[in-house]
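Asks: Chains A and B, in that order, are what the protein sequence lines are. Heads up: the first sequence at position 15 corresponds to 15 in this note's numbering, and the numbers run straight through without jumps. Position in the second sequence (first residue = 1) + 1000 = this note's numbering.
Source of the hints: derived by calculation from the structure; they are not laboratory data. A virtual CB, placed ideally from N, CA and C, is assigned to each residue, including glycine. Any given hint could turn out to be false.
Just a few of them, taken from the derived set where beta-carbon distance is under 10 Å, the chain A residues facing chain B [what the hints assert, rightly or not]: (1) Pro23; (2) Phe54; (3) Pro122; (4) Leu133; (5) Pro224; (6) Trp237; (7) Thr247; (8) Thr267.
Just the calculated beta-carbon pair ranges, DEER-fashion [claimed, not checked]: (9) A/Val76 <-> B/Trp1213: 46 to 52 Å; (10) B/Ile1202 <-> A/Leu18: 29 to 35 Å; (11) A/Val12 <-> B/Leu1038: 48 to 54 Å; (12) A/Ser48 <-> B/Trp1213: 48 to 54 Å; (13) B/Leu1089 <-> A/Ile7: 18 to 24 Å; (14) B/Val1043 <-> A/Ser98: 22 to 28 Å; (15) B/Val1287 <-> A/Ser98: 28 to 34 Å.
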Amino acid sequence: MEPKRSIGLAVVGWLVALIMFFPILWMILTAFKTEQTAFSMTPQFIFSPTLDSFRTALDQGAGYWHYALNSAITSVISTLIGLALAIPAAYAMAFFPSKRTDFTLVWMVSTKFIPAVGVLIPIFLVYKSLGLLDTDAGLIMLFAAMNLPIMVWMVYSYFKDIPRDIVEAADIDGAGTLQTMVQVILPLALPGLASTGLLALIFAWNEAFWSLTMVDHNAATLAPFIASFKSAEGLFWAKMSAASVLTVTPIIVLGWFAQRQMVRGLTFGAVK
Amino acid sequence: MNTEATALSDSPDRGRKLHRRHGPPVKRLMAPAVIFLLVWMIVPLAMTIYYAFQNYNLMMPTMRGFAGWENFSILLNDPTFWSALVNTLVLVGACLIVTVGLGLVLALLFNRTFIGRGIARTLAISPFFVMPVVTGLIFKNMLFHPVYGIFSWAMRTLGLEPIDWLAHYPMLSIIMMISWEWTPFALLILLTGLQSLPEDQIEAVRLDGANRWQEFRHIVIPHLGQVLYVVVMLESIFFLTSFAEIYATTSGGPGTATTNLPYYIYLSAFFQYDIGLSSAAAIGAVVLANIFAFFLIRFVAGNLNAGGQR
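Based on the provided sequences and hints, a complete structural model is requested.
Replies: Structure representation (C-alpha cells):
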C-alpha cells in the first residue's frame, strides 16, 4: 500500500531486533575467537573462527557435561512432577468448580508471591539435616514448587477452553474420572500442556537462586558452572562465551518454537 | 468459546450435579498440588516466622532462645536494610516502567507488517530465554567493561569519554540488564493482546474520524488493560526476587548500592550465619511482596469472577 513507509518500518523493525539480539550475537562471535582476539580494545567482527574455546570450556571445572547433565535431570524431572501435580488439580477446578475453587486458585498464585528468600533459611536447614543439600532430588523438589503455581494456572486456563459437554458426554458413557482425564481431555489440551511444560523447563534451566545456595559440587547445574567464571579476570572471555553458548542455545531454540503457544497460557486466559 | 457454552460451564449447579452422580474425586485430584505447596512454601514460611523471633546464629550455637522483637529492632536500625528496601523498590519500579513502556512501543512496531517481521520478532524476544547468570557475565565483561567493553568502544568512537558503568552507575546497569531480559516478555504478551484486537472496532472509530492517538487511547489501551495487568503481575514477582544479575556482576556493591532485599538476606544468612536476623529480613521481603500481591491478585480474582464473559 505505502511502499516507502513499509521500507522505513522494516528498517526500524530490523534495527530494533538486531539491537536486542546484539549481546547474544556478540557472545556467539566471541565464543569462536581466540582469547587474544576476544580481549581487544577494538571489537573484532572479522576473524578466523576457532573451536579452541569450546574445547577448554568443556573441560572447565568438573567438565561441562557434569553440569549439563544435572541441569537436564533437574529441569526435566521437576517439570514432569509439576505437570503430574498441576494437571489433576487444574482438571478438578476447571471441570468441577465449587465455591472454594476461586479461593484455591488465588491462594495458589499468592504462594508464588512468597519470595524464595522467605523460605530459604528453613529449607536450607531442613535440607541439611535430611542430607538433601547438594542433591538433584533436593533441587528437583524446589524447582517443582517454584513452578507449580504458574503451571496450575496455565493448565487451568487451557482446560477452561474445552467445553464441559465433552466431560459430561464421557461421564454419561460411563468413563471414570481418570479415564476421562487421560483419554479425552489430555489429548485435547496437549498443545497447551506442552507449552506449560516448556515454560517450566525454561524457568528451571535458567534458575539461579536455589542452584547457587543449595548446591556445592555433586548436583551443580549450569548456573553455578557459569557463575564460576565470575571471579576470573582477564583472558577468559572466549572461554566464558563458549560455555555460555553451550548453556543458553538449547533453551533459546526451545523458546523460539514455543513462543506463540506459551503466551496464551501465561495471560491466564486474558487473550483468546 | 461461545458465551453460551461458557455460561453453562461456569454454572456451579452443573458441577454439583456431576459431582453427586459420580462423585468425581475433586479432593483427591486437588490434594497432591495443595499438599506439595503447603510442605514446600507454607511450612517453611511458618518456620521463617519462628526463626525471626529466635536468637540463632550458626557461629554461636550456645546462644539460642526466644529473642522477642530483638531481630526486628536490629533490622530496623540497620541502614543497610533500609537501603536494600529502597534499592528493591527502585529496581522493581524502574524495570516495570522500562519493560512495559518499551514493550508496548515494540509491540506496536511488530504489530505492523514489514519484510521479515517474523524473524525480526523472534530475534527481539530471544533475550527472555537467556540464563540471568549469563546475562550478568556477558554484560559485565563484554559490554560494560570500562576499557575493553563494546560500550566504551562505542563511546570512544563517538569521541566521548568511556563510562565505567558498574562502578559509577551500578543500579542503572542492573536495571539495563534486567530490562533487556524482560522487555521481550512484555513485548510478546502485549503483541498477542494487540493481535486479538477486533478489526471492526478499529474501523468503526476510524469511520467516526478518530485520529491515531484517539484510536490508541480509547480502543487499544482499554483492550490491553487486562494483558497489561498480567505483565505487571508476573514481572513484579520476578523483579522483587532479582538475584542472579546482581550476584554475577556487582555482588551488591559498590558498597551497598545494588544490594536489594534478596541479596541482603543472602549475605546475612550465608556470610554472617545469622539465622534470626536474616529470617526477620525475609519476613520483610514477604510483607513487601504481599503489598504488591494485594493490589495485583485482585485482577486475578476479578478475572475469575468475570468467569469468561468475553
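Asks: Would you mind marking each hint as holding or not holding in the structure?
Replies: Comparing the hints with the structure gives:
At about 6 Å, the closest approach between the beta carbon of proline 23 of chain A and any beta carbon in chain B falls short of 10 Å, and the interface hint on this residue holds. For phenylalanine 54 of chain A, the shortest C-beta to C-beta distance to chain B is roughly 15 Å, which exceeds 10 Å, and the interface hint is violated. Here the hint on proline 122 of chain A is kept, as its CB sits about 4 Å from the closest CB of chain B, short of 10 Å. For leucine 133 of chain A, the shortest C-beta to C-beta distance to chain B is roughly 13 Å, which exceeds 10 Å, and the interface hint is violated.
With 10 Å as the threshold, the beta carbon of proline 224 of chain A comes within range of chain B, its nearest partner Cβ sitting at about 8 Å, so the hint holds. The interface hint given for tryptophan 237 of chain A holds, since its Cβ lies 6 Å from the closest Cβ of chain B, which is under the 10 Å cut-off. With 10 Å as the threshold, the beta carbon of threonine 247 of chain A comes within range of chain B, its nearest partner Cβ sitting at about 6 Å, so the hint holds. At about 5 Å, the closest approach between the beta carbon of threonine 267 of chain A and any beta carbon in chain B falls short of 10 Å, and the interface hint on this residue holds.
Range check, valine 76 of chain A to tryptophan 1213 of chain B: Cβ separation about 49 Å, and the 46 to 52 Å hint holds. The supplied range of 29 to 35 Å is met by isoleucine 1202 of chain B and leucine 18 of chain A, whose beta-carbon atoms lie about 30 Å from each other. For valine 12 of chain A and leucine 1038 of chain B, the hinted distance range of 48 to 54 Å is satisfied, since their beta carbons lie about 50 Å from each other. For serine 48 of chain A and tryptophan 1213 of chain B, the Cβ-Cβ distance of about 53 Å falls inside the hinted range of 48 to 54 Å, so the restraint holds.
In this structure the supplied range 18 to 24 Å is violated for leucine 1089 of chain B paired with isoleucine 7 of chain A, their Cβ-Cβ distance being about 43 Å. A beta carbon spacing of about 25 Å between valine 1043 of chain B and serine 98 of chain A agrees with the range 22 to 28 Å that was offered as a hint. At roughly 31 Å, the beta-carbon separation of valine 1287 of chain B and serine 98 of chain A lies within the given 28 to 34 Å, and the hint holds.
Going down the numbered hints, you'll see the structure goes against 2, 4 and 13, while the others check out.
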